[in-house]
Amino acid sequence: MSKKTKKSGLSAKFGARYGVSVKSRLKTVEMKAKKKYTCPKCSYTSVRRVSAGIWECRHCGLKFTGGAYVPVTQMAGEASMPVTLTVEEVSANV
8 MSKKTKKSGL
18 SAKFGARYGV
28 SVKSRLKTVE
38 MKAKKKYTCP
48 KCSYTSVRRV
58 SAGIWECRHC
68 GLKFTGGAYV
78 PVTQMAGEAS
88 MPVTLTVEEV
98 SANV
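Okay, so the sequence shown: first residue is 8 according to our numbering, each after it adds one.
Honestly, the hints are just simulated from the structure, not real lab data.
Given the structure is predicted, the values throughout are model-derived calculations rather than measurements.
Quick reminder that beta carbons are idealized off the backbone N, C-alpha and C, glycines included.
Treat each hint with caution, since some may be false.
What the hints assert, rightly or not - Using C-beta positions, here's what the derived DEER-type ranges look like:
no., residue 1, residue 2, range
1, K41, Q81, 10 to 20 Å
2, K48, V97, 24 to 34 Å
3, A99, V57, 38 to 48 Å
4, F21, A75, 13 to 23 Å
5, N100, T72, 28 to 38 Å
6, F21, V97, 47 to 57 Å
7, A86, S58, 22 to 32 Å
8, K14, A99, 48 to 58 Å
To be verified - In silico DSSO-like cross-links for lysine-lysine, where the CA-CA straight-line distance does not exceed 27 Å:
no., residue 1, residue 2
9, K20, K43
10, K42, K30
11, K14, K30
12, K14, K42
13, K48, K70
14, K70, K39
15, K70, K30
16, K48, K30
17, K14, K41
18, K20, K41
19, K41, K30
20, K14, K34
21, K70, K43
22, K20, K48
23, K34, K20
24, K39, K20
25, K30, K20
26, K43, K14
27, K70, K41
28, K43, K30
29, K14, K39
Make a model of the complete structure from these sequences and hints.
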């Protein structure tokens, strides 16, 4: 018997329904959601998604909020960067 999920991966559960483009987009989103991420507290790769926007580290037990499919969204990462630069500039000038 041949392997069913060679190309479609996680979206193979839908079979011939819904079309290729919809299933490929769903596949990328589900892969991001099911992936293990690095914990901001203990630095272990053990952060898993509990529900939409809630993430938990299985090593240290830290529970935190983030994006629906990734712990840190692109906008949150960009927003925190200028704050870090400003703090570094202030400490360098003092």
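Okay, the hints, checked on the actual structure:
The given range of 10 to 20 Å is respected by K41 and Q81, whose C-beta atoms sit roughly 19 Å from each other. Separation of K48 from V97 is about 26 Å and conforms to the stated range, judged on CB atoms against 24 to 34 Å. A99 and V57 have their C-beta atoms about 40 Å apart, which keeps the hinted 38 to 48 Å range intact. The hinted window of 13 to 23 Å between F21 and A75 holds, with their beta carbons roughly 20 Å apart.
A C-beta distance of roughly 34 Å is found between N100 and T72, which places it inside the suggested range of 28 to 38 Å. The supplied range of 47 to 57 Å is met by F21 and V97, whose beta-carbon atoms lie about 53 Å from each other. The hint said 22 to 32 Å for the Cβ distance between A86 and S58, and at roughly 23 Å that hint holds. At about 52 Å, the CB distance of K14 to A99 agrees with the hint of 48 to 58 Å.
Note on K20 and K43: the hinted pairing holds, with a Cα-Cα distance of about 22 Å set against a maximum of 27 Å. Between the alpha carbons of K42 and K30 the distance comes to roughly 18 Å, so the proposed pair stays at or under 27 Å and holds. A C-alpha spacing of about 11 Å is found between K14 and K30, which places the hinted pair at or below 27 Å, so the restraint holds. Only pairs whose Cα atoms come within 27 Å are accepted, and K14 paired with K42 is accepted, the gap being roughly 18 Å.
Straight-line distance between C-alpha atoms of K48 and K70 comes to about 10 Å, which keeps the hinted pair within the 27 Å bound. Proximity of K70 to K39 is assessed by CA-CA distance (about 18 Å); at most 27 Å being required, the pair is judged to hold. Distance hint between K70 and K30 is unfulfilled; the C-alpha atoms sit about 31 Å from each other, more than 27 Å. At most 27 Å may separate the alpha-carbon atoms for a hinted pair to count; K48 and K30 exceed this at roughly 35 Å.
Restraint check for K14 and K41: satisfied, since their Cα atoms lie roughly 18 Å apart, inside the 27 Å limit. Of the pairs offered as hints, the one joining K20 and K41 holds, with about 16 Å between alpha carbons and a cut-off of 27 Å not exceeded. Of the supplied pair hints, the one linking K41 and K30 holds, its CA atoms being roughly 16 Å apart against a limit of 27 Å. Straight-line distance between C-alpha atoms of K14 and K34 comes to about 10 Å, which keeps the hinted pair within the 27 Å bound.
Taken as a hint, the K70 and K43 pair is honoured in the structure, with Cα atoms around 14 Å apart against an allowance of 27 Å. The hinted pair formed by K20 and K48 fails the criterion: a straight-line CA distance of about 36 Å is larger than 27 Å. Our distance criterion of 27 Å between C-alpha atoms is met by K34 and K20, whose separation comes to about 11 Å. Of the pairs offered as hints, the one joining K39 and K20 holds, with about 17 Å between alpha carbons and a cut-off of 27 Å not exceeded.
Proposed proximity of K30 and K20 is supported: the alpha carbons are some 10 Å apart, at most 27 Å. For the suggested pair K43 and K14, the alpha carbons sit about 22 Å apart, so the restraint of at most 27 Å is met. At roughly 16 Å between alpha-carbon atoms, K70 and K41 fall within 27 Å of each other, so this suggested pair holds. A distance of roughly 22 Å separates the Cα atoms of K43 and K30; the hinted pair therefore holds under the 27 Å criterion.
Distance check on the hinted pair: K14 and K39 sit about 17 Å apart at the alpha-carbon level, within 27 Å; holds.
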